[in-house]
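Chain W is fixed; fit chain X onto it per the hints.
If you're matching them up, the sequences are chains W and X in order.
By the numbering used here, the letter at position 183 of the first sequence is numbered 183, and the numbering carries on one by one without gaps.
By the numbering used here, the letter at position 446 of the second sequence is numbered 446, and the numbering carries on one by one without gaps.
Treat the hints with care, since some could be wrong.
What the hints assert, rightly or not - If we take Cβ atoms under 10 Å as the criterion, some of the chain X residues that face chain W in the derived model are:
(1) Cys-126
(2) Ile-144
(3) Ser-189
(4) Ala-193
(5) Met-298
(6) Gly-425
Bear in mind the hints are in silico, worked out from the structure with no lab data behind them.
Quick reminder that beta carbons are idealized off the backbone N, C-alpha and C, glycines included.
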Amino acid sequence: MEKFITLESTCVPLQVEDIDTDQIIPARFLKATNKEGFGDNLFCDWRYNENGDPRENFILNDPTYSGRILVAGKNFGCGSSREHAAWALTGYGFKAVVSSFFADIFKNNALNNGLLPVQVSEEFLQKIFKAVKANPAEKIFIDLKNQTIKILSTNESEQFDINNYKKICLMNGQDDIDYLLSIKNDIEAFEKERTSF
Amino acid sequence: MSKTLFDKIWERHVVKTIENGPDVLYIDKHLIHEVTSPQAFEGLKQRNLPVFRPQNVVATPDHNVPTIDQHLPIRDELSRLQVKKLTENCEANNITLYGLNSPNQGIVHIIGPELGITQPGMTIVCGDSHTATHGAFGTIAFGIGTSEVEMALATQCLLQYKPKRMRINVDGQLKKGVRSKDIILYIISKLTASGGTGYFVEYAGSAISSLSMEARMTICNMSIEMGARGGLIAPDEKTFEYVKSREYAPKGEAFEKAVEYWRTLKSDEDAVFDKEYTFDAADIEPMITYGTNPGMGMRITDHIPENEPNKKALEYMGLKEGEQLLGKEINYVFIGSCTNARIEDLREVASILKGHKKAPNVNVYIVPGSKQVEKQAIAEGLDKIFKEAGFQLRQPGCSACLAMNDDKVPKGQYCVSTSNRNFEGRQGPGSRTFLVSPATAAATAISGTISDVRELI
Numbered sequence: 001m002e003k004f005i006t007l008e009s010t011c012v013p014l015q016v017e018d019i020d021t022d023q024i025i026p027a028r029f030l031k032a033t034n035k036e037g038f039g040d041n042l043f044c045d046w047r048y049n050e051n052g053d054p055r056e057n058f059i060l061n062d063p064t065y066s067g068r069i070l071v072a073g074k075n076f077g078c079g080s081s082r083e084h085a086a087w088a089l090t091g092y093g094f095k096a097v098v099s100s101f102f103a104d105i106f107k108n109n110a111l112n113n114g115l116l117p118v119q120v121s122e123e124f125l126q127k128i129f130k131a132v133k134a135n136p137a138e139k140i141f142i143d144l145k146n147q148t149i150k151i152l153s154t155n156e157s158e159q160f161d162i163n164n165y166k167k168i169c170l171m172n173g174q175d176d177i178d179y180l181l182s183i184k185n186d187i188e189a190f191e192k193e194r195t196s197f
Numbered sequence: 001m002s003k004t005l006f007d008k009i010w011e012r013h014v015v016k017t018i019e020n021g022p023d024v025l026y027i028d029k030h031l032i033h034e035v036t037s038p039q040a041f042e043g044l045k046q047r048n049l050p051v052f053r054p055q056n057v058v059a060t061p062d063h064n065v066p067t068i069d070q071h072l073p074i075r076d077e078l079s080r081l082q083v084k085k086l087t088e089n090c091e092a093n094n095i096t097l098y099g100l101n102s103p104n105q106g107i108v109h110i111i112g113p114e115l116g117i118t119q120p121g122m123t124i125v126c127g128d129s130h131t132a133t134h135g136a137f138g139t140i141a142f143g144i145g146t147s148e149v150e151m152a153l154a155t156q157c158l159l160q161y162k163p164k165r166m167r168i169n170v171d172g173q174l175k176k177g178v179r180s181k182d183i184i185l186y187i188i189s190k191l192t193a194s195g196g197t198g199y200f201v202e203y204a205g206s207a208i209s210s211l212s213m214e215a216r217m218t219i220c221n222m223s224i225e226m227g228a229r230g231g232l233i234a235p236d237e238k239t240f241e242y243v244k245s246r247e248y249a250p251k252g253e254a255f256e257k258a259v260e261y262w263r264t265l266k267s268d269e270d271a272v273f274d275k276e277y278t279f280d281a282a283d284i285e286p287m288i289t290y291g292t293n294p295g296m297g298m299r300i301t302d303h304i305p306e307n308e309p310n311k312k313a314l315e316y317m318g319l320k321e322g323e324q325l326l327g328k329e330i331n332y333v334f335i336g337s338c339t340n341a342r343i344e345d346l347r348e349v350a351s352i353l354k355g356h357k358k359a360p361n362v363n364v365y366i367v368p369g370s371k372q373v374e375k376q377a378i379a380e381g382l383d384k385i386f387k388e389a390g391f392q393l394r395q396p397g398c399s400a401c402l403a404m405n406d407d408k409v410p411k412g413q414y415c416v417s418t419s420n421r422n423f424e425g426r427q428g429p430g431s432r433t434f435l436v437s438p439a440t441a442a443a444t445a446i447s448g449t450i451s452d453v454r455e456l457i
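Same shape as in the complex, but just chain X:
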């Protein structure tokens, strides 16, 4: 019987199936961070259980860490305690930890691919809903809760019902100024914030395969924003090339053998999906959200649609139906997060900035996704471009995406953000978020008002 890519990977990981119940799914890699793991380790302690396969677990602190002065002790007591707990739990259980002083620290979904931990055909979980990012490599990767973190630590397995399968095809050539972030914001605006619930999505089509690995990660990253458990893309030569020679990747003959298997990871020609959508890349333009969930998105040149359920959101955002966002004055620009803080994102911002400065009314935070991204940016001289433009290049972490640390947008202020969520208060109590691509964020930082990047390139 013909199978989807998702089926092929899933089936290879089923330890057993409970009659009328879920599958026992084996997990290849389990990534952990400081915020959703402490209670799981506590649970193990209470049950007097060891970590079953510590070699399959990798840890890094990212959610609550400060993005300045990372060499100093963390000032916030509770954050410091969480990071300390993570360190202690990793030491006690022989788990590899990339701590704040490590050259490999960073946002967990950025360091996974960067270190070659993420490889095609794997199952990957993490106590974070953006784990879907790793799906860009043709993996089944999804976010889990802390009880499930505990299960995975205790047994390297999870009990999971197999989700339904959806395929989203984006065919054709992308127009000028349209980036992968625009593709996914466009898809979510069409499917709504719950349109993918119950599904695991495969992204396909010529516009998807034309993207770089980093751009593909941006697409898969936001699968959860339409409710999907995860999203994946069939691996290809670009994928193999990206993984090759990274720290955790198989080497030499083992790599060749792995590639041989990885080449089989694609949906069969006649594989059947429970739902399928096809979009034309030519219909996609630079996108922006106007409301308080990522499904409330529109073309940057559009007027806010009239729609009854939007009323509460628009009141929170201080916006009106029919209003155009282009030209609207904003206060903050945040360039960062597991969605858009990789080196290509930073390069893109720099290329748009060249010769320009930020507008005086705007605070700009640019937060690299990892120490490696930061190092590379400095090696390429991007830091100088950011400095000349008046941007603050900060140190790696989740930062103002969820505002657990001090990087917050004040109440009532507008932030144009490359992150993934525009929920009420997401970037700080009372903050108002517009989600965009890094290119749009850069153009907006320069003018101080929401801008169409196509006018700058």
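Pulled out of the complex, with its shape left as it was, chain W reads as follows:
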């Protein structure tokens, strides 16, 4: 997994709430047996019409906005547990998603793929939307170590929460399996000691 320390980028504002993982990657694209290529179908049904032509009014098709940070409305990633949603976002090139609320499973999946979910207050989220709409070249700076997110032109910033364990994993580019494998003896001892399930 790639390390995540800081990120400075322009962003893509997707001002929609309750974006579910079926929108991020529709189920018909889940037939792959590897993790490659999902970025091409990110937000497929919002991005393309039934003939496969780009829909002009969708934000990813608007050349005004680009960047490695997706900014989205509250309750991002609700619904299905498909990790393909995280793979689609990273495959497209996003390194962070900013929202005022994330669904649990999506958050775990994102963290397990080096995609940082940054949960901000609704007020700060609206500030970012406003800043980016006013100036699409606006940059956002995310500092994982200090757990801060900043709108560069205005210098407005906010602290965000992330659990300490995951933070260290992301900063070191390690994943949970590395840790679990290191405590295999404990797992085996637990299995021997337990009476029933």
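Just chain X, lined up with the frame of chain W:
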């Protein structure tokens, strides 16, 4: 200190706690299917790791499988390849697989309880958000992503932060025509699609304990639709009776011993929950969703509420604020999914159908949840009732719940569905879904318009 049911099960499964970090949680049963497991096996291969406890893993293909001609090779190349991969991965790692040719194949959350794999007090995971279904037996069951599938295959453990605890009580007697699906749609409409995020829910109260095991599974199944990681119900005599003598259940003395332990699985009298809600069963009526998330629900007789955030959803659905859905012409009825494709669901549909035929404007798919459900339905002659009514009884799988196979609702068409999600395009690109109980679905199939089942029973 007094404890909740959730705490009791969780604590028994903590291998160790990382300081300022998550718990290492031991997983008793890991269920896998063809769509979210291939990349996990690939990951193991790359790390040169074996499956740690293959005897604790059970597999079945369900998400992408066709629901006709299952004896023939799968026509869709990518689906065929995924099912083949699952088969190869199970063979290479000594994992029990109930393949398409097995009499035990079916939707993973239906075969788990059916085979007795699901037992009270367990931790169960699967790469599918509806794993919460198994909570009906008093288990901690939740959906995980593919990285976590890989972790569970490699170590039989997951790193998890303990969620907060919520209890939802539903007390009193259910009114005529109100089913467990209506209860959960009602709860989600009250709590919203994100109201349970961060929580693990215990469902309690006299209306919940009056339900059959299958009806309880419908409730727990949809916990994720309010954002909760899972939902569970304290096991009771009905639970023990259901598990007894199933294939994987302990037998004889071992079963009696297990029941003795299972009886301790309940929240202590004075256990404290982080959040608690209480609803009166008498307030619940047959429910329907009108929008594009399961929280957008109302009584079937209601008018669509006026609410700013609903605008985008209503535009997608081709509906207007203030509109009543009763009497609205629809095109498809889908009876199936891990929410409502068990034998009791099929029996209910048949009992409402008797003597009626489907309306000519409606296509009806009825998809049993497993081969065992299908077999039982045929043994009871339900297949004949469905055939006479003009329903297509198909073969087991997830089918039009998520439309990974050919069972899709065309663009712009309305589908009244017993499944769990009404997201945009969920049942096929551009499809429009109304979530309801099997009883409401049956009544709607007969009239061809959204109907109140209470007028038929």
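Could you work out which earlier hints the structure fails to respect and list their numbers in ascending sequence? Those not satisfied are hints 3, 5.
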